[in-house]
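Same order as they appear, the protein sequences are chains A and B. Under the UniProt record's numbering, the first residue of the first sequence is numbered 1, with each subsequent residue one higher. Under the UniProt record's numbering, the first residue of the second sequence is numbered 1, with each subsequent residue one higher.
It is worth saying that the hints were derived from the structure and are not from the lab. Some clues are possibly wrong.
Straight-line distance between alpha carbons at most 25 Å, and here's what the computed DMTMM-like set of lysine to aspartate or glutamate pairs gives [what the hints assert, rightly or not]:
1) A/Lys68 / B/Glu186
2) A/Lys276 / A/Asp128
3) A/Lys47 / B/Asp278
4) A/Lys278 / A/Glu353
5) A/Lys369 / A/Asp341
6) A/Lys45 / B/Asp185
7) A/Lys306 / A/Asp128
8) A/Lys276 / A/Asp333
9) A/Lys369 / A/Glu353
Note that the structure is a prediction, hence the values are computed from the model and not measured.
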Amino acid sequence: MNLPRHPGRAARAAVAVVAATLLLIVAACSDAGSPASTGDAKAGKIKIALSNSFIGNQWRVEMENVYKAACAMPPYVDEVECSVFNAGNDVSTQSRQISNLISQGVDAIVINAASTSGLNGVVQQACDRGIVVVSFDNTVDNKCGLTVNTDQIKFGQQLAQFIVDELGGQGNVVMVTGVAGTGADNDRNKGAKDVFAANPGIKVVATYTGMWDSATAQRNTSAQLPNLPKVDGVWVSGGTDGVIKAFAAANRPMPVVGGEAENGFRKFMAGLLTPKVKGMSIGQPPFLSVISLELARAVVKGEHPKESITIPFPVATSDNMVPGETVFPDLPDSFFADFTDSGPNAILVLCQEAATDGTPCPGKTLDVKLPS
Amino acid sequence: MRDALRRVSLGYLVLAATAVAYLVVYTSRLGRFPTSFDYLSILNTTLPLVFVAIGQSLVVLTGGIDLSVGGVVSLCVAVTAATASIPWIFAVLALGTACGALNGLVVAYGRIAPILTTLATLSIFSGLALRVLPAPGGSIPYPVRQVLTNPAAPTGLIWLGLAVAGWLVLRRTRFGMRVYAVGSDESSARAVGVPAAAVKLKVYALSGLCGALAAVFYVSTTTAGDANAGTPFILTSIASVVVGGVAFSGGRGSALGAVAGAVALTLVIDILFFAGIDPLYQSLFQGLFLVVAVLLGTVFVRRRRLS
Numbered sequence: 001m002n003l004p005r006h007p008g009r010a011a012r013a014a015v016a017v018v019a020a021t022l023l024l025i026v027a028a029c030s031d032a033g034s035p036a037s038t039g040d041a042k043a044g045k046i047k048i049a050l051s052n053s054f055i056g057n058q059w060r061v062e063m064e065n066v067y068k069a070a071c072a073m074p075p076y077v078d079e080v081e082c083s084v085f086n087a088g089n090d091v092s093t094q095s096r097q098i099s100n101l102i103s104q105g106v107d108a109i110v111i112n113a114a115s116t117s118g119l120n121g122v123v124q125q126a127c128d129r130g131i132v133v134v135s136f137d138n139t140v141d142n143k144c145g146l147t148v149n150t151d152q153i154k155f156g157q158q159l160a161q162f163i164v165d166e167l168g169g170q171g172n173v174v175m176v177t178g179v180a181g182t183g184a185d186n187d188r189n190k191g192a193k194d195v196f197a198a199n200p201g202i203k204v205v206a207t208y209t210g211m212w213d214s215a216t217a218q219r220n221t222s223a224q225l226p227n228l229p230k231v232d233g234v235w236v237s238g239g240t241d242g243v244i245k246a247f248a249a250a251n252r253p254m255p256v257v258g259g260e261a262e263n264g265f266r267k268f269m270a271g272l273l274t275p276k277v278k279g280m281s282i283g284q285p286p287f288l289s290v291i292s293l294e295l296a297r298a299v300v301k302g303e304h305p306k307e308s309i310t311i312p313f314p315v316a317t318s319d320n321m322v323p324g325e326t327v328f329p330d331l332p333d334s335f336f337a338d339f340t341d342s343g344p345n346a347i348l349v350l351c352q353e354a355a356t357d358g359t360p361c362p363g364k365t366l367d368v369k370l371p372s
Numbered sequence: 001m002r003d004a005l006r007r008v009s010l011g012y013l014v015l016a017a018t019a020v021a022y023l024v025v026y027t028s029r030l031g032r033f034p035t036s037f038d039y040l041s042i043l044n045t046t047l048p049l050v051f052v053a054i055g056q057s058l059v060v061l062t063g064g065i066d067l068s069v070g071g072v073v074s075l076c077v078a079v080t081a082a083t084a085s086i087p088w089i090f091a092v093l094a095l096g097t098a099c100g101a102l103n104g105l106v107v108a109y110g111r112i113a114p115i116l117t118t119l120a121t122l123s124i125f126s127g128l129a130l131r132v133l134p135a136p137g138g139s140i141p142y143p144v145r146q147v148l149t150n151p152a153a154p155t156g157l158i159w160l161g162l163a164v165a166g167w168l169v170l171r172r173t174r175f176g177m178r179v180y181a182v183g184s185d186e187s188s189a190r191a192v193g194v195p196a197a198a199v200k201l202k203v204y205a206l207s208g209l210c211g212a213l214a215a216v217f218y219v220s221t222t223t224a225g226d227a228n229a230g231t232p233f234i235l236t237s238i239a240s241v242v243v244g245g246v247a248f249s250g251g252r253g254s255a256l257g258a259v260a261g262a263v264a265l266t267l268v269i270d271i272l273f274f275a276g277i278d279p280l281y282q283s284l285f286q287g288l289f290l291v292v293a294v295l296l297g298t299v300f301v302r303r304r305r306l307s
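Excised from the complex, chain B in its bound form (with noise of 0.2 Å):
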């Protein structure tokens, strides 16, 4: 048993205890279980989170960060409501990777350190964000939004399983060893023949076409774009990958731990909401718990090297 608990990631038991504490507040507040409409409403507010933080997992893991995924995000949501189309929202996908791969060039082949350059083209997409939209509004094709994340039906389920499959498919193809080895050590990554530069690259697309497609979900749950949408993924995108147990230094950790990251992160609202805790002190329990999951965290991986 303790040897099995020392296997699971970080992200899980964070995860779980979260679970555990929303489902105790929420009864004792109100008297009875979470109904569907409870866990509707969750599914489709996390999914956009998720995708982002599956993007930035991708990107931590070959030891960068992206922090443009805000800009992706707002700029697609813009382009996605300002449009409200079906065709469209494929064109916003490779919108989407075509940021992403823009940030993968300047970092691969421009030699210039991730912060920096996604730190330049958050501006530029949030700047072509409000350039697209300067109003909030536009819309979504009623469809796309019965498929994507019903309000009367868990349809969002069906995208979350496939964004895991996704994942789990793309971990054991070349380039998924191949964003671990470049994480872990580059040089010798580089040295065993692995092409670190089209890695890179690779990455940076993946996490833009994970924040254009967070941008359609965000679009179709909310029903209407918002220039300004992207901004706080960047944050909450980055705490889900650390709560999730992926190491900074890269090469270490999964994007499924960034999923339950996301969605424990989500819980912890709705944990404060039940919990009945002053408005004021919320964001100050969000960063104790942000502290208290990377000092587990920490732990954790110590207990690991020595056994």
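Okay, chain A solo, but in the shape it has when bound (with noise of 0.2 Å):
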């Protein structure tokens, strides 16, 4: 048997570290210093934070690049001190970060958050002492705190709609969900249900996950194939051209697809991959990291009310593919090819090498449209 030796040193140990953390505090309400100490920051540039929670995929990075390009060009090259974070999808990991930012004193932070829910609490402290917030793609609850984002019920609503009026009301159709007890996951899912809910003539016969990811999708698409009957639209939340090549795989007739902008999805719909898909792409933007990013700015400079902002989703039809524009040859299937907008009423436009390396689009403002 090993029992402790020495019974009474853990006991002093502990005493030891608790009377520790408590000298430090009494030390530390002595000093009384405002963590915020924003004073300074008008006149020279003002500091915005990026706390991001993921980074391991492709969107999280080319939303990171984006913003770091933007860093780099005018006008933010002059006016603003970029700094980036990744916490990784630990929400405690976040908070320490967003609490430090606070000590640090900047000026705005820009959350894409590992929950929606859990960083309220540092937030309320954020907004407290008169930082500005905004969150986006993965908002923050706390209504402190400003939003960029796109109405995810609708990205849902509207990929169903354009399969159900492709099929003529009439048809088997298959859901890939994303990754489950997010809040984007849970209305993309609410929107297609009440479309498809609202066509008696269209039958779901499969509801599975593809985890946001396109490996993962094909397999999983993979594997439910053998079971489905003859499927005519697939609604994807994401992995999309995972799932097709699953069905081409399987020698299955290509079904009408509704999916997210990855840009192997887009090269099948464009007939630059065979087979050809007829579909309808729809992307969360990584440009909403710019967007945020402009939006703090203005809030911090005055120029902008504190008001949050829905931006329309990018989307992309299989009848309109344009190359370098909306598909990019050049580049990996899984990239996501709405890193810029495109068409006359562009909110920004960013080159190829700012979603790719987070490199500066060679001697170009950075001219961001708030969307009112």
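Both chains come to you apart, so use the hints to assemble them.
Given below as structure tokens:
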């Protein structure tokens, strides 16, 4: 038996630890410094930090790259001091980072949250100290912060409606969902289910997750296909190119596809990859980070009211594919082709190297038109 | 002095080293000492991990492992946030204990390896959590937040103190000694009449209770719930136990070491932040920190055996 040999030792150590903590707190209270001393910030550059959660997928990498590229381009290069932090999918790590940013005295924090609810406490503390908080994509629920986002319910509805219209309201449909437990997945699925339920001729024959990942979506689709009847339409929340590849590999007739903005999916839609797919591609644009940066800058400078922004989805269909604008033949399949907006009413236009390497577009001033 | 150093557990040394590093990096970066805001936010964000780490260390002391802490925390977070009422908090504590007891029953009486049992129940509890709270949300009654993790006063210290005191009392009880006995050598413990199965059942139930406490504190700091909230705690609680010098073979170490480990792990995040380490390398450094801590621990144990 290996019993604790010195029963008093741990007790003494514990008392010492608690006493030391108490001492530190007392010492801290007496210095009573305000953590966010932003007095001299207005004179020089304003400090805006990006606090991202998870970085291990293509979308997040592009999102950070366009943010870094924007920071290196005028007007931001002269006006803003940018920094970037990743926390992984761990709420406590991200709260620690945001607390530390508050201590550092930044002017604004741009957040893609590990949990839409998990940062409410620390974001409130930032707001209380007059820091502008802008969250995007996986936004923060706390109403004291601003948000820049798309309408995820609409994402589900728009793609589902496209499939219903293409099929004339009759046929078997498969739904490939995203990561369960997240707000975006919940909203997208809800939007789609509402539309399918309103069309009695449409039968949802299978619903399974693709985890917003092409490889997972392909594997899960291959596993499901042998048990499925004829599939006329597929609704995909993410990992669309993987789903198409699974159908092609199983020699199944290609259904109508409503999916995300993966470059691979768009290559199929443009006929650059065979078989040519009839589809609609809507993406959560990675440049949400840049719009958030602009909103944060404008609010800190007092040029924009403290209001949240909802931006429309960049939409592409198989009838209007333009290489270099909505599809990129020399970029990999997993790339998100909506890193830049396109068309006459584009919110912003970014070059390819901004998304691939995070380098500024040569000789260009970035003009972000905030939708009102 | 040397003798005294040798007798202090690894967890406290690592904690002291990270605390010093934190102070150095912080002051050199910002030109002033950390303020009450910093200490308070460290305290409040660490508390959930502290509780999970205490539960995990109890299980590891018996030679087991509890992967289901992630599921227990998720489920309890989901229920706490979805119900948002004070009576339900007590129900949540009972729920966590019941989840832990289920693990204990299967491990102790079903004789199934802890890693398999808790891997299976991890999925069950996580699945239930998603059922209770399909999208992040919910809330916590305002008074609960004021009492548990007040953002303006160190109320968290009271709870930390109670947790530490609870352990100090527990390990002096007959049950506490039996935990060490079962972990050191189960068959000899049985031979001298220690009811090993009952001890294990209680240990897993306590781990469940700790998970539930962690969940309540989690919802209190974040003011809302998320059905995936518990997942990171699986690895971080095990890491805290390792850094805290609790032996995986069982029977050696203390829950206080794990508490020190938990605080040290949180400080490492802050050290990396203020040291300006490229975010892409952060998990690399966190991993290196773990490896170094474990290596130090091995050297430590060996020297202690030699002396």
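Status of each hint after checking the structure:
A hinted pair counts as satisfied when its Cα atoms are at most 25 Å apart, and A/Lys68 with B/Glu186 does not qualify at roughly 57 Å. The straight-line distance between the Cα atoms of A/Lys276 and A/Asp128 is roughly 54 Å, outside the 25 Å bound, and the hint therefore fails. A C-alpha spacing of about 18 Å is found between A/Lys47 and B/Asp278, which places the hinted pair at or below 25 Å, so the restraint holds. Proposed proximity of A/Lys278 and A/Glu353 is contradicted: the alpha carbons are some 29 Å apart, above 25 Å.
Of the pairs offered as hints, the one joining A/Lys369 and A/Asp341 holds, with about 11 Å between alpha carbons and a cut-off of 25 Å not exceeded. Restraint check for A/Lys45 and B/Asp185: not satisfied, since their Cα atoms lie roughly 64 Å apart, outside the 25 Å limit. For the given pair, A/Lys306 sits about 15 Å from A/Asp128 by alpha-carbon distance, which is consistent with the 25 Å threshold. Annotation: proposed proximity of A/Lys276 to A/Asp333 holds, straight-line Cα distance about 15 Å (limit 25 Å).
For the given pair, A/Lys369 sits about 21 Å from A/Glu353 by alpha-carbon distance, which is consistent with the 25 Å threshold.
Against the hints set out earlier in the document, violations occur for numbers 1, 2, 4 and 6.
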